[in-house]
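All chains, please: the whole structure from these sequences, using the hints.
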Amino acid sequence: MSIGSRLESFLAARVGRPVRVSALSRKSGGASRETYLFEAEWEGSEKRGFVLRRDPVASLLESDRSHEYRVLEAARSLGVPVPAVRWLELGREALDRPFFVMERVDGMVTPPTFPQAYPDEMRERCAEDFVSILAAIHRADWRAAGFGFLDAPAPGPEAARRAVDLWRGIFEKDRIEPNPVLTRAFEWLEENLPSSDQVTLVHADYRSGNYLHESDGRITAMLDWEMAHLGDPHEDLGWAAMPYWSSGGRICGLLSLEDFVARWESATGLRVDPARLRFYQVLGTAKMMAIALTGVRNLCEARTCEPTLAIVGLLNGRLAREVLELIGAGTPATGAR
Amino acid sequence: MRPDLDDVLSAVQRLLQAEVMPSVADPFVAEQVMYASLLLEYAKKAWPIEHQAVSEEHRDLDATLRALMPLLAALPGAVAADLLREVRAHLSATAAEGSASLDAVLARDREGRGLLDRAIPLGRASSEPAGADARAKLRATVDAYLGRAARRQEAAIALLGFTW
Numbered sequence: 001m002s003i004g005s006r007l008e009s010f011l012a013a014r015v016g017r018p019v020r021v022s023a024l025s026r027k028s029g030g031a032s033r034e035t036y037l038f039e040a041e042w043e044g045s046e047k048r049g050f051v052l053r054r055d056p057v058a059s060l061l062e063s064d065r066s067h068e069y070r071v072l073e074a075a076r077s078l079g080v081p082v083p084a085v086r087w088l089e090l091g092r093e094a095l096d097r098p099f100f101v102m103e104r105v106d107g108m109v110t111p112p113t114f115p116q117a118y119p120d121e122m123r124e125r126c127a128e129d130f131v132s133i134l135a136a137i138h139r140a141d142w143r144a145a146g147f148g149f150l151d152a153p154a155p156g157p158e159a160a161r162r163a164v165d166l167w168r169g170i171f172e173k174d175r176i177e178p179n180p181v182l183t184r185a186f187e188w189l190e191e192n193l194p195s196s197d198q199v200t201l202v203h204a205d206y207r208s209g210n211y212l213h214e215s216d217g218r219i220t221a222m223l224d225w226e227m228a229h230l231g232d233p234h235e236d237l238g239w240a241a242m243p244y245w246s247s248g249g250r251i252c253g254l255l256s257l258e259d260f261v262a263r264w265e266s267a268t269g270l271r272v273d274p275a276r277l278r279f280y281q282v283l284g285t286a287k288m289m290a291i292a293l294t295g296v297r298n299l300c301e302a303r304t305c306e307p308t309l310a311i312v313g314l315l316n317g318r319l320a321r322e323v324l325e326l327i328g329a330g331t332p333a334t335g336a337r
Numbered sequence: 338m339r340p341d342l343d344d345v346l347s348a349v350q351r352l353l354q355a356e357v358m359p360s361v362a363d364p365f366v367a368e369q370v371m372y373a374s375l376l377l378e379y380a381k382k383a384w385p386i387e388h389q390a391v392s393e394e395h396r397d398l399d400a401t402l403r404a405l406m407p408l409l410a411a412l413p414g415a416v417a418a419d420l421l422r423e424v425r426a427h428l429s430a431t432a433a434e435g436s437a438s439l440d441a442v443l444a445r446d447r448e449g450r451g452l453l454d455r456a457i458p459l460g461r462a463s464s465e466p467a468g469a470d471a472r473a474k475l476r477a478t479v480d481a482y483l484g485r486a487a488r489r490q491e492a493a494i495a496l497l498g499f500t501w
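If you read the sequences in order, they're chains B and C. Under this note's numbering, read the first sequence as residues 1 to 337, first letter to last. Under this note's numbering, read the second sequence as residues 338 to 501, first letter to last.
Simulated from the structure, these hints should not be mistaken for laboratory data. One thing to keep in mind: the hints can contain errors.
[Said to hold, decoys possible] If you want a taste of the chain C side facing chain B, the calculated C-beta under 10 angstroms gives, among others:
no.	residue
1	361
2	366
3	386
4	389
5	410
6	451
7	452
8	460
9	467
10	470
11	471
12	492
13	494
14	497
[Stated by the list, open to error] Over the 10 angstroms line for every Cβ pair with chain C, so calculated as not near, a few chain B residues:
no.	residue
15	1
16	98
17	120
18	151
19	259
20	301
21	330
Cβ atoms here follow ideal geometry from the backbone N, Cα and C, with glycine treated the same way.
Encoded structure:
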């Protein structure tokens, strides 16, 4: 039975009447979930667009199934634009692997950096929303907003410690050969753990490529919340400001780092600590390398044949140079033989 | 001898572009075929210079491990002493191998990078005065190698012609 027919059966059981699914298509990207777009209609409801996010056989990132669903549910109460989630299925009977369905939001996707060729007015509007949505996430009273199911780190170095332990653990589990650059990066992170008394909601994958926007640049939905947690807001700032996502001197292809920091400080009333920002740029770069290594392992051990995993794995060479530059190691000035 | 690797990869690439791609209706699958073709193009460009890249990495790794030996010897403790023994054994085995197969060289280099990996924590700053100079030099030596290796990798991925 096709995935469309099986989806019809699943939805029919949920809405209590026959459902017709059409225009089902798999979307590329979404390296940690299989993403399908489809339309569905049933008696008493007009045809509407939905998105199915299903666990892949193997992915760049292995994350908890229900976590993203619960985070998305709670994120709507913050007033930030996120898709409305509709159904979560953790069993394997319906579609072989766990999945959830959310309502489709109109908008364009960008690559991981906002294209330089797009009009300046569009970029400016996108940049404005990019910062204001991030500020809303960081300003949120996460307890009142229903994020109490997330585990809050204690003030001090715990948020940084948790993040380093998480990504070092994934690196050590998934590497299939020694990777001294990442070992060195994690060594630097261990030596430079910052303290923080700010505990906020952290999106943890906040960058271009993970939002939808209108042709005027207005962001219609912030996506990919699967890694969201409570931690230091600098984690989102450092991730967005990684050299890997930058182009044309603009973070995420949107705005200068100085502008990003100034707007975020103004919108949150918080101050950016440059040392913590750098720490989380290093962590973000190491995290991206670890994520890529998970994909490489899945590819090399034949759990998947997706060519994008090979491409992302090859791009680790660029991340290696960037992380060494960030920690001031092995640059031509210090490393020439 | 023809067909050489370039001929073979080019034929597969043409097959994907001329025969497979036009018959694919699903945009997701079409995109995967496009990426597969991109990787074939990368393989075509990378393979002719792969031996140079492997050889350069091998020589650099060898020289770096040799440079680490006196530094490991100057460090106190059993961890440094054990690692020094393994580095010495690795370098002796590498020298004894002579003109080994590509697979053997790659395996040997993976082992060498594993030794380097284990040397990294030994460069950690410490309040212990014994070996302070060796620790600092060890870290600088490892960092210098990592920088050169990263630049080599980045030069190789430029052949991919894909980034954002």
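For each hint, the structure was consulted:
1. 361: violated, 12 angstroms
2. 366: holds, 8 angstroms
3. 386: Violated - the Cβ of residue 386/C stays beyond 10 angstroms from chain B, reaching only about 15 angstroms at its closest.
4. 389: Given a least distance of 16 angstroms, the restraint on residue 389/C is violated.
5. 410: violated, 21 angstroms
6. 451: holds, 4 angstroms
7. 452: holds, 8 angstroms
8. 460: holds, 8 angstroms
9. 467: violated, 20 angstroms
10. 470: With a minimum Cβ separation of about 17 angstroms from chain B (threshold 10 angstroms), the hint on residue 470/C is violated.
11. 471: violated, 17 angstroms
12. 492: Holds. Min distance 8 angstroms.
13. 494: With a closest approach of 5 angstroms, the residue 494/C hint holds.
14. 497: holds, 6 angstroms
15. 1: Given that every Cβ of chain C is farther than 10 angstroms from that of residue 1/B, nearest at about 18 angstroms, it holds.
16. 98: holds, 20 angstroms
17. 120: holds, 19 angstroms
18. 151: holds, 29 angstroms
19. 259: holds, 21 angstroms
20. 301: Label holds. Min Cβ-Cβ 16 angstroms, cutoff 10 angstroms.
21. 330: violated, 2 angstroms
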